[in-house]
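The residues making up each chain are set out below.
Protein chains: 4
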Amino acid sequence: MRIGFIGLGNMGGPMAANLLKAGFDLSVFDLSTKAVEAAAALGARSVGSPAEIARDDVEAIITMLPAAAHVKQVYLGDDGLLASVQPGVLLIDSSTIDPLNAREVSAVAHAKGNPMLDAPVSGGTAGAAAGTLTFMVGGEQADFDRARPVLAAMGKNIVHCGGAGNGQVAKVANNLLLGISMIGVAEAMSLGVKLGMDAEVLAGIINTSSGRCWSSEVNNPLTGAPAARGYSGGFGTDLMLKDLGLASEAARQVRQPVLLGALAQQLFQTFSNQGNGQLDFSAIVKLYQQD
Amino acid sequence: MRIGFIGLGNMGGPMAANLLKAGFDLSVFDLSTKAVEAAAALGARSVGSPAEIARDDVEAIITMLPAAAHVKQVYLGDDGLLASVQPGVLLIDSSTIDPLNAREVSAVAHAKGNPMLDAPVSGGTAGAAAGTLTFMVGGEQADFDRARPVLAAMGKNIVHCGGAGNGQVAKVANNLLLGISMIGVAEAMSLGVKLGMDAEVLAGIINTSSGRCWSSEVNNPLTGAPAARGYSGGFGTDLMLKDLGLASEAARQVRQPVLLGALAQQLFQTFSNQGNGQLDFSAIVKLYQQD
Amino acid sequence: MRIGFIGLGNMGGPMAANLLKAGFDLSVFDLSTKAVEAAAALGARSVGSPAEIARDDVEAIITMLPAAAHVKQVYLGDDGLLASVQPGVLLIDSSTIDPLNAREVSAVAHAKGNPMLDAPVSGGTAGAAAGTLTFMVGGEQADFDRARPVLAAMGKNIVHCGGAGNGQVAKVANNLLLGISMIGVAEAMSLGVKLGMDAEVLAGIINTSSGRCWSSEVNNPLTGAPAARGYSGGFGTDLMLKDLGLASEAARQVRQPVLLGALAQQLFQTFSNQGNGQLDFSAIVKLYQQD
Amino acid sequence: MRIGFIGLGNMGGPMAANLLKAGFDLSVFDLSTKAVEAAAALGARSVGSPAEIARDDVEAIITMLPAAAHVKQVYLGDDGLLASVQPGVLLIDSSTIDPLNAREVSAVAHAKGNPMLDAPVSGGTAGAAAGTLTFMVGGEQADFDRARPVLAAMGKNIVHCGGAGNGQVAKVANNLLLGISMIGVAEAMSLGVKLGMDAEVLAGIINTSSGRCWSSEVNNPLTGAPAARGYSGGFGTDLMLKDLGLASEAARQVRQPVLLGALAQQLFQTFSNQGNGQLDFSAIVKLYQQD
Chain A
116 MRIGFIGLGN MGGPMAANLL KAGFDLSVFD LSTKAVEAAA ALGARSVGSP
166 AEIARDDVEA IITMLPAAAH VKQVYLGDDG LLASVQPGVL LIDSSTIDPL
216 NAREVSAVAH AKGNPMLDAP VSGGTAGAAA GTLTFMVGGE QADFDRARPV
266 LAAMGKNIVH CGGAGNGQVA KVANNLLLGI SMIGVAEAMS LGVKLGMDAE
316 VLAGIINTSS GRCWSSEVNN PLTGAPAARG YSGGFGTDLM LKDLGLASEA
366 ARQVRQPVLL GALAQQLFQT FSNQGNGQLD FSAIVKLYQQ D
Chain B
116 MRIGFIGLGN MGGPMAANLL KAGFDLSVFD LSTKAVEAAA ALGARSVGSP
166 AEIARDDVEA IITMLPAAAH VKQVYLGDDG LLASVQPGVL LIDSSTIDPL
216 NAREVSAVAH AKGNPMLDAP VSGGTAGAAA GTLTFMVGGE QADFDRARPV
266 LAAMGKNIVH CGGAGNGQVA KVANNLLLGI SMIGVAEAMS LGVKLGMDAE
316 VLAGIINTSS GRCWSSEVNN PLTGAPAARG YSGGFGTDLM LKDLGLASEA
366 ARQVRQPVLL GALAQQLFQT FSNQGNGQLD FSAIVKLYQQ D
Chain C
116 MRIGFIGLGN MGGPMAANLL KAGFDLSVFD LSTKAVEAAA ALGARSVGSP
166 AEIARDDVEA IITMLPAAAH VKQVYLGDDG LLASVQPGVL LIDSSTIDPL
216 NAREVSAVAH AKGNPMLDAP VSGGTAGAAA GTLTFMVGGE QADFDRARPV
266 LAAMGKNIVH CGGAGNGQVA KVANNLLLGI SMIGVAEAMS LGVKLGMDAE
316 VLAGIINTSS GRCWSSEVNN PLTGAPAARG YSGGFGTDLM LKDLGLASEA
366 ARQVRQPVLL GALAQQLFQT FSNQGNGQLD FSAIVKLYQQ D
Chain D
116 MRIGFIGLGN MGGPMAANLL KAGFDLSVFD LSTKAVEAAA ALGARSVGSP
166 AEIARDDVEA IITMLPAAAH VKQVYLGDDG LLASVQPGVL LIDSSTIDPL
216 NAREVSAVAH AKGNPMLDAP VSGGTAGAAA GTLTFMVGGE QADFDRARPV
266 LAAMGKNIVH CGGAGNGQVA KVANNLLLGI SMIGVAEAMS LGVKLGMDAE
316 VLAGIINTSS GRCWSSEVNN PLTGAPAARG YSGGFGTDLM LKDLGLASEA
366 ARQVRQPVLL GALAQQLFQT FSNQGNGQLD FSAIVKLYQQ D
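Just so you know, the sequences run in chain order A, B, C and D. If you're matching positions, the first sequence starts at 116 in this note's numbering and goes up one per residue. If you're matching positions, the second sequence starts at 116 in this note's numbering and goes up one per residue. If you're matching positions, the third sequence starts at 116 in this note's numbering and goes up one per residue. If you're matching positions, the fourth sequence starts at 116 in this note's numbering and goes up one per residue.
Incorrect hints may appear among the rest.
A pair holds if it fits inside one copy or across any two, identical chains being indistinguishable in the list.
When the alpha-carbon atoms are kept at most 35 Å apart in a straight line, the in silico DSBU-like pairs for lysine-lysine are as follows [claimed, not checked]:
#, residue 1, residue 2
1, Lys309, Lys271
2, Lys271, Lys187
3, Lys401, Lys309
4, Lys227, Lys401
Calculated directly from the structure, the hints in this document are not laboratory data.
Start from the sequences and build out the full structure, keeping to the hints where you can.
This is how it looks when you write it as structure tokens:
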């Protein structure tokens, strides 16, 4: 099966590598020559533009791009995918963008005769390399079924979230909650320690009580793995900041209040501006330890 | 073993009943004649004042009172426990109050020769009735060991949290996080649904992802048990509001910022003022559904 | 002097009328036939499209549109102003949009040889009708000088704020502060009254103290003119909500935290969702009086 | 007229000096020998305890103490004022404390036959030295009239705010708004500058627009006098933090939401913890300039 792949960055690169490893025939495009050469070394065919991939004889095209502006340009631009792609080719956008833009692109694609799925991922660069990503997929059931074997080569948890855009909705809603609960853990742990408790004891109690959450159990800002390694690696503060920006913008568009979410976004912005954008997002606890 | 028990309210009443059921000999006091009669009907001995319990030949005294003011009056008042109690009698305060007041009372008790534990509970009236409460206990190890068989008659999870006041610290920190994460779930679920997702599908995805928490899994504001029964019963909004008040006040005293926590407190206050103080605290999602 | 005017809504309509009254020769366009007819009745010439105005022999073109998307379409669209306008024609956009989009359009205009000013207004529909608007103008000094007589026919306070986009910056910054201080007044007045003070007495004290602000003096949510008339008319909640959305989005783009601003936005959204979007924004005090 | 004065700190010291200068006969008490000696050097009579002042032949007693705990001890303690003072002596508490504690002390005083006023001040140490303080006074009109000549020796703006506690209500409400609007100005100015505007130009526009407030006009965090002197002196961050703590606690007691106020308190706490507690509170703008 021949697949086009556009966007060979930190996430897209290892995802493409896993597709090649699984035996898919890949045509790839990226603005970075280096990224393209790396994929070519693993057996991918390099082409000169998104449009050229579209004109290529592919059954599906996967895009993995930084933001909605890039997605709209690659799909809807004058020399974009939809201007050239054959009807029936399955389009899969794994970029993380806001749901409304995702639905807008999907509607144009469907109007041109191309099924389209939004399929953002979680799991980070480690999950991309290991092929253990989670895909949250929005689109029609038949298209989801068709995409599943392709996605399964890159991830191990492939979830159908409903119609077009719902993959983005699921990701944005989950990460909104994740950002809030991480700060909640940072506040609760900081307060407990300031009041005299041992961090490990407190984490143990919370994790068997009603405060327990992924951020207290797996990624605890004081007692977890990121803290132990100085908050390097992991899910970066600036990535969380981006996702909270998508959440609050989507909320604004549908007139849905997100009070804690908006405040969480501003706190990650404050923390990022202090020079911490590259640290694991659990490092936000430092904002609470500045005395 | 003879035990004194002061405070036979919604929590204290069933706790005392479980002690009687377990064979303890109980002297009880409460301002409500009705509550005292109910305990007497189960075999408790009714006495006329806290001081009378203190003068009674008890080995331990348990208090379960609404707020710090009552605790200070019962222990430190002119006619209070510490004015009359024999040295060596173990004092256990299961009220939920702020850690600094708990430590102040504990220090006076120790100075008078009485070991004291702060032992606030979680589990609600249902847990109190079933004898399945969690006790978060602050105080010395030897005193904790001595109290354990007594507490075990009322709860099934008895956790030592460190020195005096740490039981209160653990509870206040856990419930601070709980209040924040519940609102986080309310925002994430409301946003997802407003953006077109099915609530059950979204809850399912969050609960297998990094947003998962007790509030999304066990007490989900849209898909959980409290929602299914119209938010009656459960852990009331006004109880959460009280605990967030304790958390923010404790934070103020030790100069610890709690930004999301302070906002969560104000949101529960806003919601309570709309007439919802008695609803399960997951009903806060209604604040996000007013259009 | 012949002027083109695009956008004859609640604001643009009376602004165009004042230009006609001042003797300017006007070519107008709006999608609403009714709005165009009203202007024509006052002496304006109706044309069929923005492009037609551009091709007309005008010295300046003023646009007054709802949002950035409309501004970009009218100026940059395939059949937009910049595709047809003669070099040298002065472009004045009085829409309220975010500064970065304003600068993007301005840069394209300058590249085409057209000076451009962003000139958002304050003063509302009453100011538009009375010709007493404030214009906050971004762009070059020479262009500002050229525009001043035109703007002076519609407003009485014409302020040069610096280079391109700075008119929008000034408006967005002022209204960010305005939204925050109005909620601040609502909270202070509500708290004072709940604690037993007379609202008029409290307003009097604040207005001679360090809490004084436009929102406490001119538009006090409890004692001001909008309150006296049931919050009808005035500067609507949904307009404030729009401006806070522009502010938080501009802040996100330049990575500037706006913590109170983001929360204020969410509070106006919450209040608007309760059915109050058309009320004067000082009605936000009702959110604090729901018990 | 003989007056007792208790509390000769940064505020009380110069206030007592102004009373002496105006010809009042003063008996003073403070725990600091140095402070007492300074007052004695100006003609005050030093006494050994609050009770001794109470037993002295004074017509009025003024207290200026750090917090409610001190006020309650000095008035209600076993050896406190109310245990010894002659009926009819006018009691004036100029401390800044929460309204409910003020009312509690006032009620006890009245029950003992002593009229009492709460009379917190604004104007800072500079106003105390210059005798230009503002007094916000709660209590009965007749008592207010009796106190006025005394207060006029220390301040120039003496405002009657209504019944007992209302002086504290007025102060707490004003300073709640002040804290919020200062952060609002900090956010608006920071955003405007980050978006490319000159701070002076922006301040000029805001100060003639609807965003104008005392914090933008008199104490602007970027262009005001405190900024020009490196934020030394002025109204300290920790004083604002204390007043916001009083406001949020009073709000909690009467179940009044203060969403922006609670967040403002947390932001000043965060900023104070970074080592800035002694800076003028307009320095909070630094929290927004950490990139």
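task = Have a look at Lys401 and Lys309 and pick one of within, between, both or neither, based on CA distance no larger than 35 Å.
result = both (13 Å within a copy, 25 Å between copies)
ask   = What label fits Lys309 with Lys271 when the C-alpha limit is 35 Å: within, between, both, or neither?
value = Answer is between: at 29 Å across copies they meet the 35 Å cutoff, but 41 Å inside does not.
query = Quick one: Lys227 to Lys401, C-alpha cut-off 35 Å, is that within a copy, between copies, both, or neither?
reply = Intra 50 Å, inter 41 Å, cutoff 35 Å: neither.
ask   = Is it within, between, both, or neither for Lys271 and Lys187, if the alpha carbons may be no more than 35 Å apart?
value = within (28 Å within a copy, 43 Å between copies)
In this structure, the one hint that does not hold is number 4.
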